[in-house]
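4 protein chains.
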Amino acid sequence: MATSDTTRLEAFSDGVFAIAITLLILEVKVPDHAEIQALGGLWQALAHRWPSLLGYLISFATIGIMWANHHAIFIYVRRCDRPFLLANLLLLMTVAFLPFPTAVLAEHLPDPETRTAATMFYGGVLFLIAVAFNIVWWTGIRDRRLLGSNIAEAGVQTIRRYRMGPVGYAVATALALASVWLSLAIHAGLALLFARSETGAAATHKT
Amino acid sequence: MATSDTTRLEAFSDGVFAIAITLLILEVKVPDHAEIQALGGLWQALAHRWPSLLGYLISFATIGIMWANHHAIFIYVRRCDRPFLLANLLLLMTVAFLPFPTAVLAEHLPDPETRTAATMFYGGVLFLIAVAFNIVWWTGIRDRRLLGSNIAEAGVQTIRRYRMGPVGYAVATALALASVWLSLAIHAGLALLFARSETGAAATHKT
Amino acid sequence: MATSDTTRLEAFSDGVFAIAITLLILEVKVPDHAEIQALGGLWQALAHRWPSLLGYLISFATIGIMWANHHAIFIYVRRCDRPFLLANLLLLMTVAFLPFPTAVLAEHLPDPETRTAATMFYGGVLFLIAVAFNIVWWTGIRDRRLLGSNIAEAGVQTIRRYRMGPVGYAVATALALASVWLSLAIHAGLALLFARSETGAAATHKT
Amino acid sequence: MATSDTTRLEAFSDGVFAIAITLLILEVKVPDHAEIQALGGLWQALAHRWPSLLGYLISFATIGIMWANHHAIFIYVRRCDRPFLLANLLLLMTVAFLPFPTAVLAEHLPDPETRTAATMFYGGVLFLIAVAFNIVWWTGIRDRRLLGSNIAEAGVQTIRRYRMGPVGYAVATALALASVWLSLAIHAGLALLFARSETGAAATHKT
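Protein chains in written order, with our numbering: chain S, 300 to 506; chain H, 300 to 506; chain C, 300 to 506; chain D, 300 to 506.
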């Protein structure tokens, strides 16, 4: 089967990432007058929105950094075939899904009875995103037929460190049974961890 | 009448496809506390969202694969005139409409009284999308004046297999009268069928 | 003051047009069970959504064709300065506003008491879009300093026919006092009128 | 650490800016029939939406002009590394957040008891956007290693005038304690001030 270049695939993916990340804010609801009365003021009602704000922060950072790393894949993968395109669509399906578990998390984080389930659901979707990202990566480098020429093996190895993503998210999800705060701290930490230097290492081969 | 190139038409279409596919998640509603109480927990309430999740899956796959095949058209069609632009706008109008029947389907799939109508409405819109896609394709290859040079007739023939799209969606829609599950299974099957190898065959002529 | 090229201006505008056109569907609400009960079935309740569907159709066609004609401007205007950029931002502000009057129209079209006001509000916004479009056009061709070289005067004259846009929309808006249906028919007619051949004529100079 | 070019970073940022600016309209709610009854007509109910319209205007202008100035940065910054990418992500996080404080402002501006807090919250977010913009700019020009060649020092100095942004927004926010109207007037004034000539001066070096 033949291949084509990745320009429009990247543009479409950029669009989905950009929209998913921007839709997150729609889940933060404006405090109404009853809520303000009950809590004693608008500032208090806004502070009461902290679960939404926390969800916005973690999900925005996760999608944003996922986008940056998605970008890094295309430093190596320069051609596109149907299996790669479908793997990429699977990844986008999980990324575009994230506003929903983020809203579930924001709604239920203050409630001791449902917060564990909400955090595990949220972590489970992050786990699926990480799995899908690895499928995209493996589909892209399989047989090296979609790779550009002049790709250093060391660079391809570097990005392989994403294999740890699903493990990290699975651990964070399971730990929600012990403490949702620990679980969310690991999610934030994983975002920061993956924020580091992939494109840096990768782009060396380009400049 | 004269023609222009297709770059900005493709960019605009990519935008509409990317937004329509990402808006689908806004129709999945967060379970509220009354619902969780009634169903016995957050996990149960999330599981109760299966019609929304099923709708999300089928519509996401359908739009995503439609995008990939829309992309494939422009391997052949390299120029753009007003009739082609308007045909493309008609296609985008049907694609951007899909979040609405998806939400109707998700809302009514659990209800035995309304699920047949909801599934037929959903299938009817998929049928219109397939018809619009064929109009775009035929407008694009008519007289061969918008085609790029060096286009193999075999490639143009390959993509003609989309003629079967409207028939498939019409059959799936009609079968909802017998069983909505069979109808939805055919929709999912058609998405997988059209996920296969068009660009592969097409891109041969490009590389 | 110096100028720069229009690539990113076009990309940003494409984004706003694509999002505004796709958000229109969010204003079409899923019929709930009470409504279905009252109207005697889901099909009846969907048919009862005709004002929303009509609004979707007219607004989608208007924004889509406005996008195509916006595209046509950049066949002539090849450079960008701050006044042009701000004029373009003004146009985007009116285009991005359209989902609101569309929703107002859809909500109030069935109500004899409020439908005239709703139609005039909708028409008034279309009038503002047409005015803003003309401001963009005049800012772009003023002094001919932003125009590309080799621009035929005839082409520039052709696109000037947009001057009739504000007049047409003003007439349609005023006629809503006599009949909202006549007013909406003129809006649809204007969309079709502007759908004709600008880029065709324009692109002649490019090929 | 190595660098890569900024094309996809700009495209992703354009997407987020375009979506955030277009989502603003979703916060303007259609007047319902009770509201129209109470206020004596649809026109009166639409006029009653002035706080939403004012919020739409100021936020649209602010994001739009921020986009134009973001664009201006990339006339100088021609390469991208991880710190710059993360600084840019921080800016997008604040920009994508703006629809929320805009909605809070629109909801509470008519209420004398909560309007001061709402205006300060809104101004506070504009302050954060301005701070993030400066972080992007400083990360971009630090050590001059991401700058293009042939960049005139005068141009780099010009854009430095954004340092005044955070100060202006902080003053406007604090003045809300005295008068929310004065505060909003300053926000509008700052948008107009920053609407002036950066790209003009900048692009000189390009043409």
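Source of the hints: derived by calculation from the structure; they are not laboratory data. A hint or two may mislead.
[To be verified] Estimated spans, in silico, between C-beta atoms of each pair: (1) D/Trp342 - H/Trp349: 37 to 47 Å; (2) D/Gly340 - S/Gly488: 37 to 47 Å; (3) C/Ala337 - D/Ala473: 46 to 56 Å; (4) S/Trp349 - C/Gly340: 44 to 54 Å.
Beta carbons: idealized from backbone N, C-alpha and C, even for Gly.
- request: Check each numbered hint against the structure and report the violated ones by number, ascending.
  value: 2
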